[in-house]
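Taking the hints into account, I'd like the entire structure generated from these sequences.
What follows is each chain in one-letter form.
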Amino acid sequence: MSDLAGAAPHFAVPYLRIAGDGKPTLWGARCNSCGENYLGARMVCPRCCTRGSMMETDFAMHGRLYTYSAVYRSYPGVRTPFIMAIVDLEDGPTVRGTLVDVPADAVGDDSVLHFDMPVRVIVRATDQLAPDGHPYHVFYFTPALNADSHPASDKDDHHE
Amino acid sequence: MSEVYVIGIDMIRFGRFPDRTVPQLAAEAALLALDDCGLTIGDMQALFSGNLGEANALVGQRTLREIGMTGIPVVNVANACATGATAFRDGWTAIKAGLHDLVLTVGVEQMGKGLLGNAVNDGFAIEGEIGSDTTPAMFALIGMEHTRKYGTSFEQFAQVAVKNHHHATLNPKAMYRRETPLEEVMAAEMISYPNTKLMCSANVDGAAAAVLASAAAVKRLGLMGRAVRVRASAMTSNPFDTRDMATTDFNLVTRLGASAAYEMAGLGPEDLDLVELHDCFATAELVHYENLMLCGAGKAGQMIDSGETWLGGRLPVNVSGGLLSKGHPLGATGIANIYEISTHLRGEAGARQVEGARIGLTHVVGGAPAMGSSCAIHILEKA
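Protein sequences, first through last, are from chains A and B.
The first sequence lines up with residues -17 to 142 when you count with our numbering.
The second sequence lines up with residues 3 to 385 when you count with our numbering.
Incorrect hints may appear among the rest.
Over the 10 Å line for every Cβ pair with chain B, so calculated as not near, a few chain A residues [claimed, not checked]:
hint, residue
1, D3
2, K5
3, W9
4, N14
5, S15
6, A23
7, P28
8, T32
9, S35
10, A42
11, D73
12, V89
13, P100
14, A126
Below, simulated SDA-like cross-link-like pairs (lysine to any residue); rule was C-alpha separation at most 25 Å, straight line [unchecked claim]:
hint, chain 1, residue 1, chain 2, residue 2
15, B, K115, A, Y54
16, B, K151, A, T124
17, B, K301, A, D98
18, B, K199, A, D91
Not everything, but these chain A residues come out facing chain B in the computed CB check (under 8 Å) [what the hints assert, rightly or not]:
hint, residue
19, Y54
20, R55
21, Y57
If you're looking for bench data, these hints aren't it; they were derived computationally from the structure.
Just so you know, even glycine gets a beta-carbon here, dropped at the ideal spot from N, CA and C.
Below is the structure:
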């Protein structure tokens, strides 16, 4: 994250911001009434429909890999393959992103890439430029090398 | 409220027709369906026209310009891959409401080749940076989730493509009619693991149309002999699911739609003789075996392994060749499925006929990442 030294970076999505400690964070809303979490601002809770219960919050920048796919064919100009990852953030929403630092052909090698694998959320500059000429920054997932013993997400207990 | 019947239904052979226009394709299917019941556009009291690609361009009106501008009410319908079935359901609803007793429903699509969409968000191209918006990737996730829960293998998903490509060799209206052995399916170009190119539905041009009638109209016209009764029509949008914004839900929306359809029809999956479900990708077919309650939770892998869902098996699924091989012109598929079931119920399916078919189910479901999904299910019965 050293490429973020200096002016606040131009984030590619509205649900990334700089937290109070100066580090980038995913943020969103948590419902006071049912406890559900969402990326970005929310007016009304889509789960319990309660109004006036949404509390703005920063989310933990780590979680576990719920599901993923290695994408080999994409739109013109997109570098492939890449790994699309669906991550359950710890005490946070489920987020779609790209898993980096893992080769796409690792799919099938459980020692490298497996369900429930702990991951960290990192922010890097992309090679796309915002209108002001500065690079867009976006978040990615990377394997959490020193995995804490975070318990598996309790989202698996929800209806499937 | 009246029972609703399909009295005329047909589809054009799916293919690539770059020199035709969307209304021309729609008109061809409409005339086929009208001829199928011996009626004319002048007999129709409303038109429900499903199309996505030109959704804001009055496809219904332009279709009437091709076949007869009678000034009837036209509704242009767009509802992701459930578009055609939604148009059909709107026709059903109008008859149920007693508003009309003869309506025309049409689904049509003209598609380019290759992947759908290309999301750009405020000048930032999402693709590859924040996962993928491509449909093969969306449905690869649903397959991987099934693998996570039940250990379903790449090979099991690939068997769906083997089956549906085989079925299509018996369907003269299918776009692709070529056997694809398992090894070939698994060795084909990987698009998004585990979906290879042969496990992805074909973007094709196509149109299908159905004439719906009230019970009184069917009797008045003397058409009960080949009529198909609509036992149920159900539709759902994606209800809240904690992961729905990240990975579009196609499971829960289907399960709820299926429950509603079985309840409306007063029957269960054990009563079905055949199913045409939404196999936009091979991974989708397996999860829908469970979503439609054709088998128990976690049993989809066993179901494809058993051969039960092949023609000749206990419950044939996608004997038309499905979206994988017949093709998936987005707006047309929802009516093309109903055409397939109806053809079997009428005993007119030729080489691919499911013997003794009396009750069938059609299922379509579509959606987009971080947007939502729509599912429509119909249960049809020989009148």
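Q | Consistency of the no-contact label for S15/A, given chain B and a CB cut of 10 Å | A | 13 Å, holds
Q | Least C-beta distance from T32/A to chain B larger than 10 Å | A | Holds, since 12 Å exceeds 10 Å.
Q) When you look at the beta carbon of N14/A, is every beta carbon of chain B farther off than 10 Å? A) 17 Å, holds
Q) Is the Cβ of K5/A more than 10 Å away from each Cβ in chain B? A) 19 Å, holds
Q: Over 10 Å to the closest beta carbon of chain B is the bar; see if P28/A clears it.
A: About 5 Å separates P28/A from the closest Cβ of chain B, which leaves it inside 10 Å; violated.
Q.
Let's test the interface hint: is any C-beta of chain B closer than 8 Å to that of Y57/A?
A. 5 Å, holds
Q. Does the alpha-carbon distance linking K199/B and D91/A stay inside the 25 Å limit?
A. With Cα atoms ~23 Å apart, K199/B and D91/A stay inside 25 Å; holds.
Q. Is W9/A truly not at the interface, in the sense that its beta carbon sits beyond 10 Å from all beta carbons of chain B?
A. Label holds. Min Cβ-Cβ 14 Å, cutoff 10 Å.
**Q.** Restraint check for K115/B with Y54/A, where alpha carbons must lie at most 25 Å apart
**A.** 17 Å, holds
Q) Minimum Cβ separation between P100/A and chain B greater than 10 Å? A) 16 Å, holds
Q: Just double-check D73/A for me: nearest Cβ-Cβ distance to chain B has to come out over 10 Å.
A: Check passes; 13 Å lies beyond 10 Å.
Q.
Please check whether the beta-carbon of A42/A is more than 10 Å away from every beta-carbon in chain B.
A. 16 Å, holds
The structure does not agree with the numbered hints 7, 12 stated previously, though it agrees with the rest.
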